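K.L.:
Here the protein sequences come in this chain order: A and B. Using this note's numbering, read the first sequence as starting at 1 and increasing by one per residue. Using this note's numbering, read the second sequence as starting at 1 and increasing by one per residue.
I should point out that these hints are in silico values taken from the structure, not numbers from a laboratory. Bear in mind the structure is a predicted one, so any value in this text is a computation, not a measurement. Watch out, some of these pointers could steer you wrong.
The list that follows gives simulated cross-link-like pairs (lysine-lysine, BS3-like), each with its CA atoms no further than 27 angstroms apart [stated by the list, open to error]:
{"id": "1", "chain 1": "B", "residue 1": "LYS335", "chain 2": "A", "residue 2": "LYS264"}
{"id": "2", "chain 1": "A", "residue 1": "LYS5", "chain 2": "B", "residue 2": "LYS329"}
{"id": "3", "chain 1": "B", "residue 1": "LYS111", "chain 2": "A", "residue 2": "LYS264"}
{"id": "4", "chain 1": "B", "residue 1": "LYS277", "chain 2": "A", "residue 2": "LYS251"}
{"id": "5", "chain 1": "B", "residue 1": "LYS135", "chain 2": "A", "residue 2": "LYS264"}
{"id": "6", "chain 1": "B", "residue 1": "LYS131", "chain 2": "A", "residue 2": "LYS239"}
{"id": "7", "chain 1": "A", "residue 1": "LYS252", "chain 2": "A", "residue 2": "LYS239"}
{"id": "8", "chain 1": "A", "residue 1": "LYS140", "chain 2": "B", "residue 2": "LYS329"}
{"id": "9", "chain 1": "A", "residue 1": "LYS252", "chain 2": "B", "residue 2": "LYS277"}
{"id": "10", "chain 1": "A", "residue 1": "LYS239", "chain 2": "B", "residue 2": "LYS174"}
{"id": "11", "chain 1": "A", "residue 1": "LYS249", "chain 2": "B", "residue 2": "LYS135"}
{"id": "12", "chain 1": "B", "residue 1": "LYS131", "chain 2": "A", "residue 2": "LYS140"}
{"id": "13", "chain 1": "A", "residue 1": "LYS94", "chain 2": "B", "residue 2": "LYS36"}
{"id": "14", "chain 1": "A", "residue 1": "LYS94", "chain 2": "A", "residue 2": "LYS264"}
{"id": "15", "chain 1": "B", "residue 1": "LYS36", "chain 2": "B", "residue 2": "LYS193"}
Away from chain A, derived, C-beta distances all over 10 angstroms, residues of chain B [as the list claims (entries may be wrong)]:
{"id": "16", "residue": "THR24"}
{"id": "17", "residue": "LYS180"}
{"id": "18", "residue": "VAL187"}
{"id": "19", "residue": "VAL221"}
{"id": "20", "residue": "GLU313"}
{"id": "21", "residue": "THR320"}
{"id": "22", "residue": "SER325"}
DEER-style ranges, computed between Cβ atoms [said to hold, decoys possible]:
{"id": "23", "chain 1": "B", "residue 1": "GLU206", "chain 2": "A", "residue 2": "TYR57", "range": "22 to 32 angstroms"}
{"id": "24", "chain 1": "B", "residue 1": "TYR137", "chain 2": "A", "residue 2": "GLN206", "range": "24 to 34 angstroms"}
{"id": "25", "chain 1": "A", "residue 1": "ASN142", "chain 2": "B", "residue 2": "GLU313", "range": "45 to 55 angstroms"}
{"id": "26", "chain 1": "B", "residue 1": "ASP127", "chain 2": "A", "residue 2": "ASN269", "range": "24 to 34 angstroms"}
{"id": "27", "chain 1": "B", "residue 1": "ILE14", "chain 2": "A", "residue 2": "GLN206", "range": "56 to 66 angstroms"}
{"id": "28", "chain 1": "A", "residue 1": "PRO69", "chain 2": "B", "residue 2": "ILE14", "range": "41 to 51 angstroms"}
{"id": "29", "chain 1": "A", "residue 1": "PRO69", "chain 2": "B", "residue 2": "ASN133", "range": "22 to 32 angstroms"}
{"id": "30", "chain 1": "B", "residue 1": "LYS174", "chain 2": "A", "residue 2": "LYS251", "range": "47 to 57 angstroms"}
Backbone N, C-alpha and C fix where the C-beta goes; we use that ideal spot for every residue, glycine too.
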Amino acid sequence: MKKLKIVVLAKQVPDTRNVGKDAMKADGTVNRGALPAIFNPEDMNALEQALQLKDKYPDTEITILTMGPGRAADIIREGLYRGVDNGILLTDRKFAGSDTLATSYALSLAIKKIEPNLIIAGRQAIDGDTAQVGPQVAEKLNIPQITYAESISYQNNNIIVKRRLDNGIETVQSPLPVLITVGSSATICRARNAKLLMKFKHACTQSELQEKSNDYIIQQRPYLKISEWGVDDVDADDKLLGLSGSPTKVKKIENVVFTAKESKIINDNEAEINELIIELIENHTIG
Amino acid sequence: MNNISVFCEIENGIVADVSLELLTKAYHLSEKLNCKLEAIAIGNKLNSIPKQVFPYGVHKLFLVEDRRLEFYQTLPFTHIVAGIFKESKPQIALMGASNVGRDLGPRVSSKLNSGLTADCTELEIGDFYDKKNDKQYNNLLYQIRPAFGGNIIATIINPEHRPQMATVREGVMKKEIINKNNIGEVVNLDSNKYLNNTDFVIEILERHVEERSINIKNSQVIVSGGYGVGSKENFKYLYELASVLGGEVGASRAAVDAGFADHARQVGQTGVTVRPKLYIACGISGQIQHTAGMDQSAMIISINIDKDAPINEIADIVITGDVSSVVPKIIAAYKKNTK
Ligand SMILES: Cc1cc2nc3c(=O)[nH]c(=O)nc-3n(C[C@H](O)[C@H](O)[C@H](O)COP(=O)(O)OP(=O)(O)OC[C@H]3O[C@@H](n4cnc5c(N)ncnc54)[C@H](O)[C@@H]3O)c2cc1C
């Protein structure tokens, strides 16, 4: 069978799931800066699918690709700790402000340069919940896509995917290359591997290196260097990036304000509950 | 005039509710914009589609019938829909935020290089003045959606690119017959005009669809359970209450994740949006992702041991207590008073 060369797409996102009290401002809105940055959960599911294919076919090569600011190098380290072969941080100020389409354009250029035959991404990122980047990248690459995957296998040079329908399950088969997006119903990702953690603890990008003084470690162990690609490395057209490359614009942002309304309090006893039910029947809410 | 186009999802010859809801919304938008409403249906055996969609005010229906297209497949559907958009040049194109719409929408938008906004909760028509370029845009589609895990509400626009595309989840818009006698124009299109053989590289090996038996969206009373219900067994109190009140059982994601209830019952941002006459939240804390799907309910009762649970802030009535103690008392009181 053909050797699998996989790119896993992963994003660093603010943890919007557990907005604790400390992340709330006095006016009841969320202080986005106060949210911790995490590995997007469904991208973790995607990573696990790639790692399982590598478990089964050890000659598989996995590259984790992330687009974001410098600190998103964390995503690549998390990948290395779990068994990916290498990582690329796509980072440039010119990417800032990109909507899903401009992001997909940038990612698709980086993918073309890596030349994988399988691309696996999470279904969606928790900060936007759009589920658009996977399909938009597949279209830019002009390859088929399989979304909402639950499990992926590889047989006779074909990728076989079990995927979720709105009200059922479907099994499909595709030749390579193909792009797959993985949902949260897939297996959760393995923990970091202790040996790999030791090995890649000092992995860093050129920019991070400038802030540190452990140059010598990288010189001795080139595998610790995480590649950083900018606009010029992927030959991107500036006009198709950032705000100018984004058909969608944000016109307005409103913070959700949690307002209290007067509610009637009832205690857990028969008399009070009985009275409430009579009232609800009389005003035709029930009955 | 550039029209509004709605992609209709079809399963077993029946147009999905979400598509009919979007037709209703799109019809109202088309009145505002003074343009026509178009619908696209792709599949096998589409003879009953016209009579299903015309009552929703459809002016022109594009039918693409092909036995290879009985089930949704990304590439052929993308090429047909994008092809029709290129010819008919709609100003707005809507589809359901279902697994189909969320597979098809981004693919088509990427092909046409047009903007797409996923999971809109409101669609409106409005103007926009671009200060930077001193340019005025009239009658744009405001695509309004929660973002950032529901903590902000964003209004998105596509000033320059057409069509302005948006997806909307099932249950968010209301389905309403506009005119049961309306008859529009049917345009039959030949699929081969849009397709080539490589569009069928992905083969469906097996397909397993469950009948959609649970549909909580249209229920007037919803008794919804959260993680605080404690177990699948305890959910039986909720089923009993729902059945005496003639309602349905809903659930929070935490309850679904814990296996207390089916995903089809999940209410909220990643479940269904409901607006019943009465919503009884049992052991639900009321995180924004949940309340986004139920805060339009006419009346909300919260049953929670924690008197400070966030759900209580949007509840009309708060019963402080344990679900397994309160719910049987409600059932008993209801039975007693309706005899
Ligand atoms: C992107 C995203 C999408 C999401 N989409 C959804 C969605 O669609 N729907 C959804 O519901 N959630 C969704 N969530 C999850 C949501 O954030 C919450 O985690 C979830 O709603 C919590 O469920 P819960 O209220 O049942 O559980 P908990 O938050 O654990 O609350 C349990 C409540 O039960 C009370 N309780 C405990 N024991 C008892 C008892 N014996 N009697 C009475 N009360 C009791 C507690 O006081 C507490 O208030 C989403 C999250 C994310 C990040």
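K.L.:
Against each hint, give a clear statement of whether it holds in the structure.
P.N.:
Results for each hint:
For the hint pairing LYS335 of chain B with LYS264 of chain A, the CA-to-CA distance comes to about 23 angstroms; that is within 27 angstroms, so the pair holds. A distance of roughly 61 angstroms separates the Cα atoms of LYS5 of chain A and LYS329 of chain B; the hinted pair therefore is violated under the 27 angstroms criterion. For the hint pairing LYS111 of chain B with LYS264 of chain A, the CA-to-CA distance comes to about 54 angstroms; that exceeds 27 angstroms, so the pair is violated. Taking the CA atoms of LYS277 of chain B and LYS251 of chain A, the gap is about 34 angstroms. The hint is violated against a cut of 27 angstroms.
A threshold of 27 angstroms between alpha carbons decides the hint, and for LYS135 of chain B with LYS264 of chain A the separation of about 51 angstroms lies outside it, so the pair is violated. In summary, the hint linking LYS131 of chain B to LYS239 of chain A is supported, as the alpha carbons are separated by about 20 angstroms, within the 27 angstroms threshold. With a CA separation close to 23 angstroms, the supplied pair LYS252 of chain A and LYS239 of chain A stays within the 27 angstroms bound. A distance of roughly 59 angstroms separates the Cα atoms of LYS140 of chain A and LYS329 of chain B; the hinted pair therefore is violated under the 27 angstroms criterion.
Straight-line distance between C-alpha atoms of LYS252 of chain A and LYS277 of chain B comes to about 31 angstroms, which puts the hinted pair past the 27 angstroms bound. Taking the CA atoms of LYS239 of chain A and LYS174 of chain B, the gap is near 40 angstroms; set against the 27 angstroms cutoff, the hint is violated. Our distance criterion of 27 angstroms between C-alpha atoms is met by LYS249 of chain A and LYS135 of chain B, whose separation comes to about 14 angstroms. For a cut-off of 27 angstroms, the pair hint linking LYS131 of chain B to LYS140 of chain A is broken: about 32 angstroms separates their Cα positions.
This hinted pair does not check out: LYS94 of chain A and LYS36 of chain B have alpha carbons roughly 40 angstroms apart, beyond 27 angstroms. Among the hinted pairs, LYS94 of chain A with LYS264 of chain A is inconsistent with the structure: their alpha-carbon atoms are about 54 angstroms apart, more than 27 angstroms. Restraint check: the Cα-Cα separation between LYS36 of chain B and LYS193 of chain B comes to about 25 angstroms, which is no more than 27 angstroms; the hinted pair holds. Taking the minimum C-beta to C-beta distance to chain A, about 20 angstroms, the non-interface status of THR24 of chain B holds against the 10 angstroms cut.
Residue placement check: LYS180 of chain B keeps its beta carbon more than 10 angstroms from all beta carbons of chain A (closest about 28 angstroms). Taking the minimum C-beta to C-beta distance to chain A, about 26 angstroms, the non-interface status of VAL187 of chain B holds against the 10 angstroms cut. Not every CB of chain A lies more than 10 angstroms from the CB of VAL221 of chain B, the least distance being 7 angstroms, so the non-interface label is violated. Chain A draws GLU313 of chain B into its interface by the beta-carbon criterion, the shortest separation being 4 angstroms against a cut-off of 10 angstroms.
Distance to chain A contradicts THR320 of chain B as a non-interface residue, since its nearest Cβ pair spans about 6 angstroms, not more than 10 angstroms. Annotated as non-interface, SER325 of chain B brings its C-beta within 10 angstroms of a C-beta of chain A; the closest such distance is 6 angstroms. At about 24 angstroms, the beta-carbon gap between GLU206 of chain B and TYR57 of chain A stays in the expected band of 22 to 32 angstroms. Distance hint check: the CB atoms of TYR137 of chain B and GLN206 of chain A are about 43 angstroms apart, inconsistent with the given range 24 to 34 angstroms.
For ASN142 of chain A and GLU313 of chain B, the hinted distance range of 45 to 55 angstroms is satisfied, since their beta carbons lie about 50 angstroms from each other. Separated by about 56 angstroms at the C-beta atoms, ASP127 of chain B and ASN269 of chain A break the suggested range of 24 to 34 angstroms. A beta carbon spacing of about 57 angstroms between ILE14 of chain B and GLN206 of chain A agrees with the range 56 to 66 angstroms that was offered as a hint. Distance hint check: the CB atoms of PRO69 of chain A and ILE14 of chain B are about 47 angstroms apart, consistent with the given range 41 to 51 angstroms.
Restraint check, PRO69 of chain A to ASN133 of chain B: a C-beta distance of roughly 28 angstroms satisfies the suggested window 22 to 32 angstroms. In this structure the supplied range 47 to 57 angstroms is violated for LYS174 of chain B paired with LYS251 of chain A, their Cβ-Cβ distance being about 25 angstroms.
In this structure, the hints that do not hold are numbers 2, 3, 4, 5, 8, 9, 10, 12, 13, 14, 19, 20, 21, 22, 24, 26, 30, in rising order.
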